[in-house]
Every structure is written in structure tokens, then in C-alpha cells.
Amino acid sequence: SQTIHQWPATLVQPVGSPLSLECTVEGTSNPNLYWYRQAAGRGLQLLFYSVGIGQISSEVPQNLSASRPQDRQFILSSKKLLLSDSGFYLCAWSDLRVLNTEAFFGQGTRLTVV
Amino acid sequence: RKEVEQDPGPFNVPEGATVAFNCTYSNSASQSFFWYRQDCRKEPKLLMSVYSSGNEDGRFTAQLNRASQYISLLIRDSKLSDSATYLCVVNDRGSTLGRLYFGRGTQLTVWP
Chain A
19 SQTIHQWPAT LVQPVGSPLS LECTVEGTSN PNLYWYRQAA GRGLQLLFYS
69 VGIGQISSEV PQNLSASRPQ DRQFILSSKK LLLSDSGFYL CAWSDLRVLN
119 TEAFFGQGTR LTVV
Chain B
47 RKEVEQDPGP FNVPEGATVA FNCTYSNSAS QSFFWYRQDC RKEPKLLMSV
97 YSSGNEDGRF TAQLNRASQY ISLLIRDSKL SDSATYLCVV NDRGSTLGRL
147 YFGRGTQLTV WP
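If you read the sequences in order, they're chains A and B.
Just so it is clear: in the first sequence, position 86 is 104 by our numbering, and no numbers are missing.
Just so it is clear: in the second sequence, position 4 is 50 by our numbering, and no numbers are missing.
Source of the hints: derived by calculation from the structure; they are not laboratory data.
Note that this is a predicted model, so its numbers are computed, not measured.
Careful, some of the hints might be misleading.
One-sided and incomplete, this derived list gives chain A residues near chain B with beta-carbon spacing under 10 Å [what the hints assert, rightly or not]: (1) TRP25; (2) PRO26; (3) PRO32; (4) LEU65; (5) GLY105; (6) THR130; (7) VAL131.
Computed list of chain A residues with no C-beta within reach of chain B, every gap over 12 Å [said to hold, decoys possible]: (8) ILE22; (9) GLY34; (10) GLU40; (11) THR42; (12) ASN50; (13) LEU64; (14) GLN80; (15) LYS98; (16) LEU101; (17) LEU108; (18) ALA110.
With beta-carbon atoms standing in for the labels, derived distance ranges [said to hold, decoys possible]: (19) B:SER74 x A:ALA57: 35 to 41 Å; (20) B:PRO54 x A:ILE71: 39 to 45 Å; (21) A:SER102 x B:PRO60: 26 to 32 Å; (22) B:PRO54 x A:LEU101: 22 to 28 Å; (23) A:GLN31 x B:ASN101: 30 to 36 Å; (24) A:VAL30 x B:PRO60: 36 to 42 Å; (25) A:GLN20 x B:ALA63: 42 to 48 Å; (26) A:GLU40 x B:ARG122: 24 to 30 Å.
Yeah, the Cβ is synthetic: ideal placement off N, Cα and C, and Gly gets one too.
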């Protein structure tokens, strides 16, 4: 069966510090990978998605970047965090080979920038 | 205009009540539809897919109206454990990226 791992679960970082969140998927190959952010009391905002190694598309301009160095690894990064980067970050994957596929989420990282 | 819009909520209902959520989507070419459930401070999890003919899973019934571009979720005989935020999700037709659009969610609280 497929599983998705995301870490760390919680993170408190000072303004201006770097960020690296990692997500890995097991049990499937060539998944679509996504990074979402959910601010307090807000909906899910798609930040990045990837259809393959090294292929990253950004949904919104921001202080963050993403990379996919391996087929089942997706990394969210920032060189200098802003207070507005606080939120709940969720990695997800889907398999477009499955008709009407849904997305499966990691357990999320709650980031607080102080 | 947002891709997916939901009832703002919150909904506060007693145990045993029937509650319905509605959701509208803007892209008439959308192909796949889902309801997700998100518990407080947790990741969203698929509750059920929504099919054109409507579908039922125990106390939950989902319906799709393509002509009016809305999706509904009906929960019968509400339980305390149904308290959560319910997200309406739409997948664009023909999108090779599997782009999912999420509504902001409707919060449900079931009280004893």
C-alpha cells in the first residue's frame, strides 16, 4: 500500500531563518506531488506541484521554493522565513493513472515563524 | 471568482440531526468531485467521491448537479464524531496535473 511521510510535525523558526520541509511517498512510482498551505481559519492554498523529477510548477509568487530531487521526494524550502509564512503545510500525492483520482495527504507540518 | 465555494458555516446541530452542505464550482468542464473531512489540526482525508448518479455511504449521501454546478453532502443521524470541517474538492477535467481545487471548508459541530 502507498504511504506518505512528512516531517517535522511542528516547527518554530525565527524570522529570517531558512526552512526545509521534506515529504516522501512509498509504494508508488511517478506520483504527482503537491505542497499546500493552510493559514489559520483559511482554506487550502496550492503552493507547488510536480509531475516528475525536477519539474516544479509554482501557483503563487512567494518566499518559498520547491524541489523534487528524486521521484518520490518533494522538498519545500525558504532561504529567509517571514512571519506570514506561518501556517499548516501539507504535502500530498495523487496518481493520474487512476480515473477520478483523489489526493492523499501527509500529516502536515505546523510552522510558526516568530 | 473562486473555483470552489462552500457554505460558510459553522453548522451547530444536535446529535441525530440531519445536516446538508452545498458547494458550487465555476468550471463546467470539471470532471471529478470529492468531499474531504478535516479534523482539527489534522490533514484532510477523503470522505467520499461524488458520482453523477449520486452515491451513498452509510449515513452520508453525496449528490452532483452538473447543470447547476453544485455538489451536496447530506449527513443523517449526526454523531458527535462527525464534528469536523468538510471540504468540497473539484478536479479539473483534462488536467494532466491532477489539479485539485479545494473549497474553504464548512465547519460542523455536533452537540450532545
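Hints versus structure:
A least Cβ separation of about 13 Å between A:TRP25 and chain B goes past the 10 Å threshold, and the interface hint is therefore violated. Hint on A:PRO26 is violated. Least Cβ distance to chain B is approximately 14 Å, over the 10 Å limit. This hint is violated: A:PRO32 has a C-beta 23 Å from the nearest C-beta of chain B, more than the 10 Å allowed. Given the 10 Å rule on beta carbons, the hint for A:LEU65 is violated: about 13 Å separates it from the nearest Cβ of chain B.
For A:GLY105, the shortest C-beta to C-beta distance to chain B is roughly 12 Å, which exceeds 10 Å, and the interface hint is violated. Annotation: interface hint on A:THR130 violated; nearest CB of chain B at approximately 13 Å, more than 10 Å. At its closest, the beta carbon of A:VAL131 sits 18 Å from a beta carbon of chain B; the interface hint therefore is violated under the 10 Å criterion. For A:ILE22, the shortest C-beta to C-beta distance to chain B comes to about 9 Å, within the 12 Å cut-off, and the non-interface label is violated.
With a minimum CB-CB distance of about 26 Å to chain B, A:GLY34 clears the 12 Å threshold, and the non-interface call stands. Residue-level check passed: A:GLU40 sits 16 Å from the nearest beta carbon of chain B, beyond 12 Å. Once the 12 Å rule is applied to beta carbons, A:THR42 is consistent with being away from chain B; the minimum gap is 15 Å. The non-interface label for A:ASN50 is inconsistent with chain B: the shortest C-beta to C-beta separation is roughly 5 Å, within 12 Å.
With a minimum CB-CB distance of about 8 Å to chain B, A:LEU64 fails to clear the 12 Å threshold, and the non-interface call is violated. The claim that A:GLN80 is not at the interface with chain B holds, since no C-beta of that chain comes within 12 Å of its own (minimum 18 Å). Listed as a non-interface residue, A:LYS98 keeps its Cβ farther than 12 Å from every Cβ of chain B; the least gap is roughly 27 Å. With a least beta-carbon separation of about 20 Å from chain B, A:LEU101 lies farther than 12 Å from that chain, consistent with its non-interface assignment.
At roughly 6 Å, the least C-beta separation between A:LEU108 and chain B is not larger than 12 Å, which violates its mark as non-interface. For A:ALA110, the condition that its CB be more than 12 Å from all CB atoms of chain B is violated, with the nearest at approximately 8 Å. In this structure the hint that B:SER74 and A:ALA57 lie 35 to 41 Å apart at CB is violated, the actual value being about 29 Å. Between B:PRO54 and A:ILE71 the beta carbon distance is about 40 Å. The supplied range of 39 to 45 Å therefore holds.
Distance hint check: the CB atoms of A:SER102 and B:PRO60 are about 39 Å apart, inconsistent with the given range 26 to 32 Å. The given range of 22 to 28 Å is respected by B:PRO54 and A:LEU101, whose C-beta atoms sit roughly 27 Å from each other. For A:GLN31 and B:ASN101, the hinted distance range of 30 to 36 Å is not satisfied, since their beta carbons lie about 43 Å from each other. For the pair A:VAL30 and B:PRO60, the beta carbons lie near 39 Å from each other, so the given range of 36 to 42 Å is met.
Range check, A:GLN20 to B:ALA63: about 36 Å between beta-carbon atoms, so the 42 to 48 Å window is missed. Take A:GLU40 and B:ARG122: their Cβ atoms lie about 41 Å apart, and the range 24 to 30 Å is violated.
Checked against the numbered hints listed earlier, the structure breaks hints 1, 2, 3, 4, 5, 6, 7, 8, 12, 13, 17, 18, 19, 21, 23, 25, 26; every other hint is satisfied.
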